[in-house]
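From first to last, the protein sequence lines are chains U and S. Numbered per my numbering, the first sequence finishes at 412, counting up by one with no gaps. Numbered per my numbering, the second sequence finishes at 412, counting up by one with no gaps.
Calculated from the structure, these hints are not laboratory results. Treat the hints with caution; some may be incorrect.
For identical chains, the list gives no copy identity; a pair is met inside one copy or between any two copies.
The calculated lysine to aspartate or glutamate pairs, modelled on DMTMM-like cross-linking and capped at a C-alpha distance of 25 Å, are [as the list claims (entries may be wrong)]:
no., residue 1, residue 2
1, K270, E250
2, K353, D364
3, K260, E229
4, K353, D406
Being a predicted model, the structure only gives us computed values, none of them experimental.
Number of protein chains: 2
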Amino acid sequence: MVTRNPARPGRRGHDPESVLSIAVSVFNERGYDGTSMEDLARALGVTKSAIYHHVPGKEQLLARALDRALDGLFEMVTDPRAASGPAIDRLEWVVRQSVRILVGRLPYVTLLLRVRGNSVTEQAALERRREFDRFVSHLVKEAAAEGGIRADVDPALVTRLLFGTINSITEWYQPSRGASADDLADTLLTITFDGLRSDA
Amino acid sequence: MVTRNPARPGRRGHDPESVLSIAVSVFNERGYDGTSMEDLARALGVTKSAIYHHVPGKEQLLARALDRALDGLFEMVTDPRAASGPAIDRLEWVVRQSVRILVGRLPYVTLLLRVRGNSVTEQAALERRREFDRFVSHLVKEAAAEGGIRADVDPALVTRLLFGTINSITEWYQPSRGASADDLADTLLTITFDGLRSDA
DNA sequence: TTGTTTACCGAACATTCGGTCAGTTGACAA
DNA sequence: TTGTCAACTGACCGAATGTTCGGTAAACAA
Chain U
213 MVTRNPARPG RRGHDPESVL SIAVSVFNER GYDGTSMEDL ARALGVTKSA IYHHVPGKEQ
273 LLARALDRAL DGLFEMVTDP RAASGPAIDR LEWVVRQSVR ILVGRLPYVT LLLRVRGNSV
333 TEQAALERRR EFDRFVSHLV KEAAAEGGIR ADVDPALVTR LLFGTINSIT EWYQPSRGAS
393 ADDLADTLLT ITFDGLRSDA
Chain S
213 MVTRNPARPG RRGHDPESVL SIAVSVFNER GYDGTSMEDL ARALGVTKSA IYHHVPGKEQ
273 LLARALDRAL DGLFEMVTDP RAASGPAIDR LEWVVRQSVR ILVGRLPYVT LLLRVRGNSV
333 TEQAALERRR EFDRFVSHLV KEAAAEGGIR ADVDPALVTR LLFGTINSIT EWYQPSRGAS
393 ADDLADTLLT ITFDGLRSDA
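With the sequences and hints as input, model every part of the structure.
Put into structure tokens, the structure is as follows:
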């Protein structure tokens with residue numbers, strides 16, 4: 213049996229992992245459709261054809277990246293901390309955890325949020341994402357029913373705006389500069405749960 | 213002098229305006245780079261070459277659409293209602309007005325928010341958008357300095373999250389179903405200014 | 001009926017696209 | 001030194017891309 217050797221023989225250079233991570237960063241700069249295999253090759257410092265030695269093709273590159281984002285989100289759905297306790301507390305945990313995943317897997321989540329369903333790969337990712345949205349939406353409804361969040365706003369609308377706020381982080385966040393994931397989550401929860409206005 | 217006659221002679225069919233509006237809706241479905249001139253032709257019910265009778269090319273179509281969104285935003289910057297009074301009130305007005313423009317020019321603003329700078333056209337649009345962001349950012353700083361919004365959060369971060377929330381509306385809003393622009397702005401302001409939590 | 005204006009078609013264009021393949025290069029182990 | 005394995009090159013393919021152009025069809029005015 214051939215086990216993958218970490219220090220394998222042969223020429224050293226790229227492997228599927230490094231190709232993926234560089235490809236995703238280019239996808240996020242120029243957009244998936246706006247990125248050619250030539251663009252990727254240039255960013256990798258190799259020829260176009262070399263990419264096919266590591267990865268079956270462009271769309272597989274996208275599929276692997278999207279799975280990486282979605283797998284993170286679905287770990288949350290099955291976590292016991294999302295299943296018991298007051299809904300408002302579970303919602304807070306899900307929000308905080310979402311920010312953590314978004315920051316921890318920033319390039320992959322960024323790519324996911326820009327998918328529009330142009331291929332079967334993208335449509336499958338969209339469907340998984342919708343499933344996550346339903347999970348969160350249900351949680352917000354519970355929090356509203358338990359009186360944890362204000363009763364004068366539509367829970368479905370709250371869900372959209374709340375996760376719109378979270379997802380917008382991908383538009384500007386840079387891991388090097390700025391706050392950590394936890395600090396960011398703190399600020400976001402303060403604003404969304406207690407409001408911007410002073411006093412209140 | 214030749215004035216453009218509204219009921220002009222000749223074969224009736226598309227004009228630059230109808231081409232633009234249909235093109236933008238296709239751009240938003242498939243993404244600008246993911247849309248071919250064939251796609252546009254199919255949506256218009258004509259041949260590829262017919263499009264060039266109305267519009268100089270694909271990129272000009274994008275440029276005109278982006279200007280339509282940006283012109284709306286900059287009308288706000290020069291409005292006297294954004295220049296006098298307590299900063300918190302001006303901020304509230306700008307937020308409400310932003311939602312109105314976003315809803316009123318939904319397809320154009322949606323397109324603008326997805327631009328990443330792949331061409332000079334896109335770069336120019338990004339620069340105008342950054343200028344608008346600076347205007348809003350300054351307003352939030354004023355509101356913080358005047359004590360209108362809470363002092364324990366970074367104004368720059370507040371700006372990003374606040375407009376992240378607003379811009380996320382483009383991800384789901386459908387003019388036919390759901391709330392009007394003003395109702396939507398009311399809910400958004402309630403949540404962002406007073407918070408989700410009940411009581412408070 | 002004729003002339004003018006506008007909208008459009010169909011064929012072709014140069015270029016770029018994602019992808020294939022046979023062969024070469026370089027690092028390590030034996 | 002030789003063999004092996006992975007990484008890579010360069011030439012190439014068919015299809016799709018945005019755009020051009022010469023000619024045509026339809027609506028209106030005269």
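Each hint tested on the structure:
no., hint, result
1, K270 x E250, "both (11 Å within a copy, 22 Å between copies)"
2, K353 x D364, "within (13 Å within a copy, 30 Å between copies)"
3, K260 x E229, "within (17 Å within a copy, 41 Å between copies)"
4, K353 x D406, "both (18 Å within a copy, 19 Å between copies)"
Every hint, counting from the list given before, is met by this structure.
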